[in-house]
Amino acid sequence: MSAPQVIGWAACVLCTSAFLLDYFAPKPPGGFSWLWFALFTPGITLWAVQALILSNAPLVVANFIVVVVLLHNSYRRIRPRPQRSTTGGPRHAEAAR
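Numbers 1 to 97, taken from the numbering used here, label the letters of the sequence shown in order.
Ranges of calculated distance between the beta carbons of each label pair, as one might list FRET restraints:
id, residue 1, residue 2, range
1, ARG79, SER55, 30 to 38 Å
2, ARG76, CYS12, 24 to 32 Å
3, GLN5, TYR75, 29 to 37 Å
It should be emphasised that the hints constitute simulated quantities derived from the structure, not laboratory data.
Note that the structure is a prediction, hence the values are computed from the model and not measured.
Even for Gly, the Cβ is constructed at its ideal location relative to N, Cα and C.
Please model the complete structure; the sequences and the hints are all you need to start from.
This is the structure in structure tokens:
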């Protein structure tokens with residue numbers, strides 16, 4: 001078996017496992033499974049690596065875009081959110097006028 005085939009099979013196992021987990025496992029609070037993310041992101045990354053080895057530019061671009069979106073989505077979930085005002089008053093100076 002060639003290196004691209006091994007990489008493709010690894011990507012297939014990771015991504016398919018992520019979707020099977022998402023289908024059969026109960027949804028976590030908030031609807032985002034970090035285990036799904038931990039399986040799916042490396043799977044897509046491996047498919048991008050396989051596409052690079054095979055010189056398949058459309059698949060490289062598509063998989064790179066998906067990886068960037070996945071990483072950005074996970075960053076949005078872990079970054080601290082700004083504190084909201086508890087006074088219930090106007091949030092902006094213009095709104096206070």
